[in-house]
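Residue numbers (the numbering used here), protein chains in the order written: chain A, 1 to 334; chain B, 1 to 292.
Any given hint might turn out to be false.
Unchecked claim - Listed below are the simulated SDA-like cross-link pairs for lysine to any residue, each with C-alpha atoms no more than 20 angstroms apart in a straight line:
1) LYS94/A x PRO200/B
2) LYS203/A x LYS94/A
3) LYS128/B x GLY243/B
4) LYS94/A x LYS128/B
5) LYS104/A x LYS128/B
6) LYS65/A x SER199/B
7) LYS94/A x GLY243/B
8) LYS101/A x VAL208/B
9) LYS104/A x GLY243/B
Unchecked claim - Some but not every residue of chain B turned toward chain A, in silico, with C-beta under 7 angstroms:
10) ALA9
11) GLY51
12) GLU53
13) ALA192
14) GLU194
15) ASP196
16) GLY197
Everything labelled a hint here was simulated from the structure, so no lab data went into it. In this text, a Cβ means the ideal position worked out from N, Cα and C, and glycines have one as well.
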Amino acid sequence: MGKIELKQVTKRFGDAEVIPPLDLTIHDGEFTVFVGPSGCGKSTLLRLIAGLEDITSGHIEIDGKDATTLVPAKRGLAMVFQSYALYPHMSVRKNIAFPLKMAKMDLAEIDRRVEGAASVLNLTAYLDRRPGQLSGGQRQRVAIGRAIVREPSAFLFDEPLSNLDAALRVGMRMEISELHKKLDTTMIYVTHDQVEAMTMADKIVVLQAGVIEQVGSPLELYRAPRNTFVAGFIGSPKMNLLTGPEADKHNAHTIGIRPEHIDVVQSDGVWQGTVGVAEHLGSDTFFHIHNTGLAETLTVRAIGDISLRHGDTIHLSPRMDEFHRFDKAGLRIA
Amino acid sequence: MATKASRSAARMMMAPAVILLLGWMLIPLVLTLFFSFKKFLPLRGDRWENGLEWVGFENYVRFVSSSAFWPSVITTLIIVGGVLVITVCLGILLAMLLDQPMWGQGIVRILVIAPFFVMPTVSALVWKNMFMDANNGLFSHLWRLFGAEPVSWLSEASLPSIILIVSWQWLPFATLILLTAIQSLDSEQLEAAEMDGASPLARFGHIVLPHLSRAVTIVILIQTIFLLSVFAEIFVTTGGAFGSRTLTYLIFQRVLESQNVGLGSAGGVYAIILANIVAIFLMRIVGKNLDT
Ligand SMILES: Nc1ncnc2c1ncn2[C@@H]1O[C@H](COP(=O)(O)OP(=O)(O)O)[C@@H](O)[C@H]1O
Ligand SMILES: [Mg+2]
């Protein structure tokens with residue numbers, strides 16, 4: 001159980017329309033990621049679903065029942081906040097038990113569930129500590145523990161990993177994915193990081209200024225971005241978007257080619273330019289190339305370590321079948 | 001303050017302030033202790049130059065055995081306790097109200113703080129003459145409006161009246177400190193509690209109050225220090241009559257009205273002891289909030 005439907009939902013703060021009319025269906029058990037640049041309304045959308053913010057117009061249905069005016073506690077959703085929002089004066093045990101205590105559950109059952117959640121999240125040794133005595137990753141797990149003991153019909157995460165360092169982020173990303181596999185509950189996850197979106201999601205919702213740009217699986221978005229915004233947002237490094245004569249050759253206003261779809265060749269490339277910054281990662285090399293006559297910079301990803309340095313001339317050969325074509329309005333041409 | 005050099009430099013620079021403070025506190029304290037063991041009645045001809053008679057603990061015994069002593073201690077504690085309860089409770093309520101977004105917030109906040117800027121003497125006079133006067137006070141008019149017999153506040157209910165006046169003065173202080181504390185509460189915590197199914201009352205009890213505990217501690221400690229020596233409000237309103245004589249006021253009467261410096265000094269030492277007992281109690285009860 002955990003199907004969430006938004007029907008013509010809008011949200012205004014005063015005069016500012018943050019969410020224009022928006023329709024979205026999130027199916028039961030799906031891991032949905034809202035991704036978009038900062039300030040595009042991801043958090044607002046999540047808070048509308050949670051009930052922490054009133055919607056201006058439209059309807060929200062949870063499991064087929066209208067939940068538009070339901071208070072947050074009655075929606076059966078649990079939220080993990082960016083700041084973790086742990087209760088600093090309570091021990092980890094009390095933090096996790098808090099929603100159950102508020103639901104007036106009997107003490108034996110509370111203990112059973114808290115112990116259960118703690119063992120799933122490796123928190124058993126820390127149950128009697130205060131949040132202030134935990135590391136960032138542990139706090140994050142406590143926040144998740146507080147969410148899972150309620151056995152909600154869906155979890156809402158608002159940028160839960162943005163306060164963690166890079167290594168921990170990768171670890172927690174996997175833990176949350178594991179948790180989703182284990183619980184098989186609907187999860188809505190907000191992030192501005194497209195890598196998180198690509199690695200975790202069953203379904204990605206790309207947002208820009210409150211408007212849904214595209215909904216689809218990670219690979220659908222990667223293979224067939226619906227417009228130039230999605231094309232530039234999904235994938236790392238970013239897709240090269242070219243206009244001008246090169247695009248005209250393909251009968252398009254804009255063409256896009258991903259850095260990994262341009263091969264570095266010894267000579268006789270279709271394009272050539274001078275190497276600007278070269279990022280040598282060992283497994284790959286990212287070249288930022290100038291003076292191609294195509295765009296300010298062109299990004300190219302080559303497999304392995306290629307020993308071209310700053311200022312060298314580089315020959316390039318794009319894979320012709322990997323071009324994405326967009327019209328004047330930025331929409332994909334099939 | 002990591003290196004030896006910076007530590008000793010720090011000590012050097014703090015020294016003048018420390019010495020000044022020590023002198024400031026030690027000299028009056030030593031003088032008080034000195035006088036409390038002497039017979040010193042200036043009106044009866046006792047002079048510093050002629051040497052004062054050493055009377056041992058006689059002043060101390062006389063001060064405690066006076067029938068006014070214990071009632072004055074009780075009165076002091078009632079006033080301090082009453083004002084603390086009122087300012088903390090109302091302060092929390094007001095702080096929560098002021099934290100709500102509302103029209104004219106800036107002006108309302110200034111109005112709330114205003115009583116703190118009124119001198120104790122002035123505010124006591126205003127209360128005495130404008131509100132509590134048995135014939136022409138606003139309260140009397142209000143009482144008459146409802147057909148009730150006006151109360152002559154300062155004689156019939158002297159302690160509650162003084163507590164009211166002093167609370168009015170200290171409420172802004174409490175409100176201000178508690179307001180800043182409430183504003184520092186992470187709103188996501190409240191939202192998390194809301195999602196966890198906590199009712200507004202439960203949110204207050206489980207989230208807001210614990211968050212305020214440290215600020216409440218500070219309010220209580222600071223106010224207690226000042227409330228133990230409340231004077232002007234009593235002097236102006238009842239003059240210590242009608243059971244409103246606090247320990248401070250009793251000392252004042254001994255020294256200035258009876259012109260008995262030795263006896264008053266002994267009372268001063270008792271006041272120090274009382275303040276310390278209260279402080280230790282408070283530290284025990286609320287001080288642990290300051291550690292965590
Ligand atoms: N309470 C609020 N009042 C007014 N404007 C708000 C409020 N909350 C968010 N906004 C505005 O709504 C927009 C979207 O915000 P948000 O949903 O937090 O973005 P995101 O989470 O995608 O970074 C922003 O432009 C922000 O300024
Ligand atoms: Mg956000």
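These are the hints, each one checked on the structure:
no.	hint	verdict
1	LYS94/A x PRO200/B	holds (19 angstroms)
2	LYS203/A x LYS94/A	violated (34 angstroms)
3	LYS128/B x GLY243/B	holds (17 angstroms)
4	LYS94/A x LYS128/B	violated (51 angstroms)
5	LYS104/A x LYS128/B	violated (52 angstroms)
6	LYS65/A x SER199/B	violated (23 angstroms)
7	LYS94/A x GLY243/B	violated (49 angstroms)
8	LYS101/A x VAL208/B	holds (17 angstroms)
9	LYS104/A x GLY243/B	violated (50 angstroms)
10	ALA9	violated (33 angstroms)
11	GLY51	violated (61 angstroms)
12	GLU53	violated (59 angstroms)
13	ALA192	holds (4 angstroms)
14	GLU194	holds (5 angstroms)
15	ASP196	holds (4 angstroms)
16	GLY197	holds (4 angstroms)
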